[in-house]
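J.: Here are the chains, one letter per residue:
2 protein chains.
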Amino acid sequence: MLRSYVSGSWFTASDEGRPLYDAVTGDVISRISSEGVDMGGALAYGRQTGGSALRELTFHQRAALLKALASYLREHRDDLYALSARTGATLGDSKFDVDGGIGVLFSYGSKGRREMPNDTIYVDGDVEPLGKGGTFLGQHIYTPLRGVAVQINAFNFPVWGPLEKFAPAFLAGMPSLIKPASPTAFLTERLVSLIVDSGLLPEGTLQLVCGSAGDLLDHLTEQDLVAFTGSASTAQRLRTHPAVVAGSVRFNAEADSLNCSILGPDASPGTPEFDLYVKALVTEMTVKAGQKCTAIRRALVPTDLMDAVAEAAAARLAKVTVGNPANADVRMGALASLDQRDEVRRSLKALLDAGRSVFGDPDHVEVIDADAERGAFLSPVLLRMDNAERAEAHSVEAFGPVSALIPYSSAAHAIDLAARGAGSLVGSVVTADVDFAASVVLGVPAAVRRWAASGACCTTCNAPPYRPRREF
Amino acid sequence: MLRSYVSGSWFTASDEGRPLYDAVTGDVISRISSEGVDMGGALAYGRQTGGSALRELTFHQRAALLKALASYLREHRDDLYALSARTGATLGDSKFDVDGGIGVLFSYGSKGRREMPNDTIYVDGDVEPLGKGGTFLGQHIYTPLRGVAVQINAFNFPVWGPLEKFAPAFLAGMPSLIKPASPTAFLTERLVSLIVDSGLLPEGTLQLVCGSAGDLLDHLTEQDLVAFTGSASTAQRLRTHPAVVAGSVRFNAEADSLNCSILGPDASPGTPEFDLYVKALVTEMTVKAGQKCTAIRRALVPTDLMDAVAEAAAARLAKVTVGNPANADVRMGALASLDQRDEVRRSLKALLDAGRSVFGDPDHVEVIDADAERGAFLSPVLLRMDNAERAEAHSVEAFGPVSALIPYSSAAHAIDLAARGAGSLVGSVVTADVDFAASVVLGVPAAVRRWAASGACCTTCNAPPYRPRREF
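In order, the protein sequences belong to chains F and X.
Residues in the first sequence are numbered from 160 upward in steps of one, following this note's numbering.
Residues in the second sequence are numbered from 160 upward in steps of one, following this note's numbering.
There's no promise every hint is true.
[Said to hold, decoys possible] Pairs of lysine-lysine residues, derived as DSS-like cross-links and limited to a Cα-Cα distance of at most 30 Å, are as follows:
| no. | chain 1 | residue 1 | chain 2 | residue 2 |
| --- | --- | --- | --- | --- |
| 1 | F | Lys254 | X | Lys291 |
| 2 | F | Lys291 | X | Lys508 |
| 3 | X | Lys254 | X | Lys226 |
Just so you know, these hints were derived from the structure itself, not from any lab.
Just so you know, these numbers come straight off a predicted model, no measurement behind them.
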């Protein structure tokens, strides 16, 4: 039974809980339940014990602890890799998750040291004269909320996910309560166990609830906040929770995202941009078996380059070996669970109504060193949606190794199609034409929250893109 | 019948609508209805016509228009003062509202010119290295949302309220749709009429809906935003509107606020701080007949100074003449409506259960040059809540000329009491003791959004306290 770490100690539920499965073999790994966890007590403990301790520390002290924690976890990352494999991850995937998470700690540690003062408050901007006589002045300062940062994470990054939310909260002076998604919670529990054992963090600044959130949200106050990653439908449910509404609780959701990558009209076969685009597309489809919030779901391609991109991408995908991630010959592992595979297949069905597959069969995949049915294996599937106007292309996210090629006819058309994602997490333009890049980046509505562009550009924001002061 | 200004022209509802009354005489001034307004059409018009035009302008061009508009309105402010008197406002109150609103335009005009670039995008921070090779860099830019800033205002500031929301939206490149509260909408309609007649603003950048919001919110998208001022209960209803939830529509509410002002233990009778405190308390109670979101509702006073403050404040209040604001002898006018007076009396009843009046009778007031019953007149009422722990003191807002003296025993107690406001708009500390000021300002949770403090400090933030870049 996975344990929760609340109110200063480890807690084990006494009921049966639910089983969690190895994504590769289908074997039961552990059970999970939060039955009996005193959620209100945990929040009160975080506020009182964790918050008070954190607020005593300066930004530089908090930053130093983040760095120390990062170094400690780096020493123990082999533990995490081993368990990560059971989520279906290859060693490369595990490094992405584990080293990525550790990298976030280092990065916030470094930013805290460089960009924040060695003080407990952050001064924002200059003194503002408010009255004419000079006796009425304004000065904005940031101080921490007195609540808990409740962090509800998705299953796809069991290490990076929690650390990415914990680091800025800690630096800002707020204690965290982490609730991982159940399917991969065994890895997050191990992470938290390492952190607790390190003894580095002030008590109460990091808590863990494994299992259902129970009545956690009922106990929220206007001083707490919720940072959620997961489905848009769950986000809507949580956002309208009575306690969230009553307390105007700060609520941030990172939900379904139909990210796009746009190939410039100049990037024909033979150019470095074409090669970069195809390579990035296949990488994004297959790293973590495509289970990344930032994966490219919509590859927007000039109409006359559709065939060339389809052909080049299919050729690359044909070399992607699928199977037991422990086997060194395997390039892509399993999805996180059989449930998740069912979910992806359902989405694929909707997408295939609006297009066709140019690579991969949703119902069949050759695997190395594993049982394709007992493990949550799925072939990469590259779709082609020649009718770019179909709603499915811009609204259905298959959260696995799935992307769709979609043709566009002009920069304006590309901008229009990109905007139909209605709030994507990332987007990219791959082109050597600076004017095209600028017109697309400035043309797409600001709902694309992070947008990376350069002459020949990369695809996703893998490093923490926020400056600390913008987080809270 | 008040008109709405939507989709490029004035619209008059054809139904009977509801009557609006002169706050001083009780006479019907006009009628109001939004029956027949095409809300979806107005939003689409704002996005397409207004948004496109605004995005063509640089921040400096937008700032220059704000300044030109401010100058134009200043030329016409006598029109606004005259109508403002019918909301129950004295000339001083009207200047507060009208000149305050014009001041916001000047201020954002000046900030736009000084703090923003002469460009259509705003660059936020330095280029951030994201990859080690130097080929992956990050640069944050702000671009305008492609939607409409829907601004739902309260009745108490019919000029300042809309201008305070319009100015930052315009500077940020977003068109506004203003929905004033009905009781004083006749003054906002006159303001918008002046603005439209000025011909200064690009068409579609400012629209007005007088009357019910109807199905306005049903048409919101993720590119729109809602800025609301009014009651917490209405805020909760709007925040959970299906379209707001579905589109994660940015929603900001400025609702009920139990602001406090804390008198330092050093500020005994005879000190300038004592006099300043008492003067500010009475001013805050009586300007706009206490109908200010930033008015002091809770006067936190050292226990041993309660009698002295009560006596000094009562003596000042006794000199406040109430009546027809057109009469030069009158210091305080009427509430905005008879309904509002009923509402304040209801709240006073709850507060009087938890304390007692040291000045003023909720049911009786002597008035000059008016009929105390036909006009919405109410005496200033200063309460004394000797039991500081009573919940009513920290949760019931009587939105009129009402404040309560509440005793505290130590700095920690004052901080605790201040925090019970659970999200006040402003707070103040009046003291010559810098250590006391610092401990209170840093001790009160950050839910107090704007907090003014200095050695001997003022009470409210009457000038726009935000830097433009923090608005959107």
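J.: Now look at each hint and say whether the structure bears it out.
T.: Here's how the hints hold up against the structure:
1. F:Lys254 - X:Lys291: holds (17 Å)
2. F:Lys291 - X:Lys508: violated (40 Å)
3. X:Lys254 - X:Lys226: It holds: about 18 Å lies between the C-alpha atoms, which stays within 30 Å.
The structure fails hint 2 only (numbered hints given earlier).
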